[in-house]
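J.: The task is simple: from the sequences and hints, build the whole structure.
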Amino acid sequence: MNRKLVVVGGGAGGPSAAAEAKRRNSSLDVTMLERGDFVSYAA
Amino acid sequence: MPYYIGDVIKDPNSLIARTPEKFEETGIRVELGTCVEGIETDKGEVLLAGGRRLPYDMLVVGTGAKATLPDIPGTTQDGVFTLKNLRDGINIKEYIRGNMCRRAVIVGAGFIAMEMSEALRNLGLETSVVYRGELPVKKWDPVFSGMVLEEIANNGVSFIAHNSPVAVEKGSDARLSLVTDKEIIETDIIIFALGVRPDASLALGAGLATGESGAIRVDSSQRTSREEIFAVGDCCESYHRVSKKWVNIPLGDIANKQGRVAGRNIAGYPMIFPGIVGAQSFKVFGLEVAMTGLDEKEAQESGYSPAGRIIWGNPVARSMSGGQKLGLKLIADKGSGKLLGAQAVGQSGAVSRINILSACLWSGMRLDEIGYMDFAYSPPFGGAWDVIHTAAQILEKEL
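Chains as they are written, first to last, in our numbering: chain G, 1 to 43; chain B, 1001 to 1399.
Do not rely on the hints blindly, as some may be mistaken.
Here are the simulated lysine-lysine pairs, DSSO-like style, with alpha carbons at most 30 Å apart [said to hold, decoys possible]: (1) 4(G) x 1245(B); (2) 4(G) x 1066(B); (3) 1245(B) x 1338(B); (4) 1093(B) x 1043(B); (5) 1170(B) x 1066(B); (6) 4(G) x 1043(B).
According to the in silico footprint, chain G covers these stretches of chain B (three or more CB under 8 Å from chain G) [as the list claims (entries may be wrong)]: (7) 1007-1019; (8) 1049-1060; (9) 1080-1092; (10) 1223-1235; (11) 1251-1260; (12) 1263-1272; (13) 1324-1334.
Computed spacing ranges between beta-carbons, pair by pair [as the list claims (entries may be wrong)]: (14) 1212(B) x 37(G): 31 to 41 Å; (15) 1397(B) x 37(G): 52 to 62 Å; (16) 27(G) x 1132(B): 45 to 55 Å; (17) 1207(B) x 37(G): 29 to 39 Å; (18) 37(G) x 1221(B): 46 to 56 Å; (19) 1310(B) x 27(G): 31 to 41 Å; (20) 1146(B) x 23(G): 30 to 40 Å; (21) 1043(B) x 37(G): 26 to 36 Å; (22) 1227(B) x 27(G): 35 to 45 Å; (23) 1324(B) x 27(G): 31 to 41 Å.
To be clear, the hints were calculated from the coordinates, so they are not data collected in a lab.
All figures in this text were calculated on a predicted structure; none of them were measured in a lab.
We put the CB at the ideal spot given by N, CA and C, even for glycine.
T.: Encoded structure:
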């Protein structure tokens, strides 16, 4: 079983963490959860 | 976002660094419109609205910050906004267009309020800033705050000082009216820009430790008080390299760096987030406003004995400056001579000086070193003695 990473929040820090973790370790099973309707935006 | 509302940026998609589709292409599942209601740390599961459970081995909490709304009646009406995320920005712009708003009120006078005042003037709205204090951007020295006030006033923004909102009501000749303790201000739209607070509620519910700032406590690897849970961005603390305290400074550049550091640690490549020095800037009409490090009060609270001084210089060589002034305030420790903080305001050159001084703070430089530092000198970009050199030398003599 691949290790599961769950990211709560898709503003700026969450997407950076998800992307970097997956880039460095492609075997990770990554899910990002966002309550709104956009991720990874500049405020 | 204020630049999108002010129509400087036309397409909201250009504010998005990476779309959900791009994430999916790299193998990251993205679930939008998904509310997390709890974290069950003993089972290693997040609990989603509707009862679904999602197991995790490692978790990142990036719940951000919440915009502050005052506890007064009427704030749930149409036309009352805060500005926190991209959805808010789109809603504000659509509301202004859809309702042909002519008058706007901004409550609060921090840097978001200042940027918003410019955005709303760009759209041609009659704009008022309502603030309970005397001067805007109170983190800056009153002399600099006064310059910001003059700049917004010169650009048609009316600054209504010493007014605290008590209610939002229906207007008589406009859509809404903001009732304060002194006046009734008729307006078509009200934007509360009273700052943000870290959203640590999910973390608190999971029993994670928070710091004095109210934000989630992390170590330099972005780990929370539980080894398998990381926190990043506006919801967590950062190590301030000058005050040597853990603080909460909600800015997107910090969030990006912390996110990447957490990602590396999660992937098994240990990395440390080196902390922050509190550098920040904003533009309001024709002024650059920037600061870094500590002000005198914060320096005192951090155990330093600070001295501060404002110096007026020119952003470029005086012969080419056309009379443009640049105000630079340095704050240093009387005991060690170390720089503790800096603030700058001017039509140009303020941010570039603050960036240099942030590097000085980062490496813990003293005024005597800064006074003779080597810069990229050329008359169009500064004097042979830059305002930084002059300010450092003058303040050093006064310590």
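J.: It remains to establish, for every hint, whether it holds in the given structure.
T.: Results for each hint:
1. Restraint check: the Cα-Cα separation between residue 4(G) and residue 1245(B) comes to about 33 Å, which exceeds 30 Å; the hinted pair is violated.
2. The suggested pairing of residue 4(G) with residue 1066(B) holds, with an alpha-carbon distance near 28 Å, which does not exceed 30 Å.
3. Taking the CA atoms of residue 1245(B) and residue 1338(B), the gap is near 17 Å; set against the 30 Å cutoff, the hint holds.
4. Proximity of residue 1093(B) to residue 1043(B) is assessed by CA-CA distance (about 44 Å); at most 30 Å being required, the pair is judged violated.
5. Proximity of residue 1170(B) to residue 1066(B) is assessed by CA-CA distance (about 26 Å); at most 30 Å being required, the pair is judged to hold.
6. Pair hint residue 4(G) plus residue 1043(B) holds up; C-alpha atoms about 13 Å apart against a cutoff of 30 Å.
7. For the region 1007-1019 of chain B, the stated coverage by chain G is satisfied: 5 residues place a CB nearer than 8 Å to a CB of that chain, which reaches the threshold of 3.
8. Coverage of a stretch by a chain is defined here by at least three residues with a beta carbon nearer than 8 Å to that chain's beta carbons; for the region 1049-1060 of chain B and chain G the count is 7, and the condition holds.
9. Only residues whose C-beta sits within less than 8 Å of a C-beta in chain G count toward coverage, and the region 1080-1092 of chain B has 4 of them, enough to reach three; the restraint holds.
10. Coverage of the region 1223-1235 of chain B by chain G holds in this model, with 5 residues showing a Cβ closer than 8 Å to a Cβ of that chain against a need of three.
11. With a threshold of 8 Å between beta carbons, the proposed coverage of the region 1251-1260 of chain B by chain G holds, since 7 of its residues qualify and at least three are required.
12. Counting residues of the region 1263-1272 of chain B whose beta carbon lies closer than 8 Å to any beta carbon of chain G gives 6, which reaches the threshold of three, so the coverage claim holds.
13. With a cut-off of 8 Å between beta carbons, the region 1324-1334 of chain B has 0 residues touching chain G; three or more are needed, and the interface restraint is violated.
14. Between residue 1212(B) and residue 37(G) the CB atoms are about 34 Å apart, so this pair conforms to the stated range of 31 to 41 Å.
15. About 57 Å separates the C-beta atoms of residue 1397(B) and residue 37(G), a value consistent with the hinted range of 52 to 62 Å.
16. Taking the beta carbon of each, residue 27(G) and residue 1132(B) are about 54 Å apart, inside 45 to 55 Å as hinted.
17. Evaluation of the 29 to 39 Å hint for residue 1207(B) and residue 37(G) yields a pass: the beta carbon distance comes to about 30 Å.
18. Evaluation of the 46 to 56 Å hint for residue 37(G) and residue 1221(B) yields a failure: the beta carbon distance comes to about 31 Å.
19. At roughly 56 Å, the beta carbons of residue 1310(B) and residue 27(G) sit outside the given window of 31 to 41 Å.
20. Distance hint check: the CB atoms of residue 1146(B) and residue 23(G) are about 48 Å apart, inconsistent with the given range 30 to 40 Å.
21. Between residue 1043(B) and residue 37(G) the beta carbon distance is about 29 Å. The supplied range of 26 to 36 Å therefore holds.
22. A beta carbon spacing of about 20 Å between residue 1227(B) and residue 27(G) contradicts the range 35 to 45 Å that was offered as a hint.
23. The hinted window of 31 to 41 Å between residue 1324(B) and residue 27(G) is violated, with their beta carbons roughly 56 Å apart.
When each numbered hint is compared with the structure, violations occur for hints 1, 4, 13, 18, 19, 20, 22 and 23.
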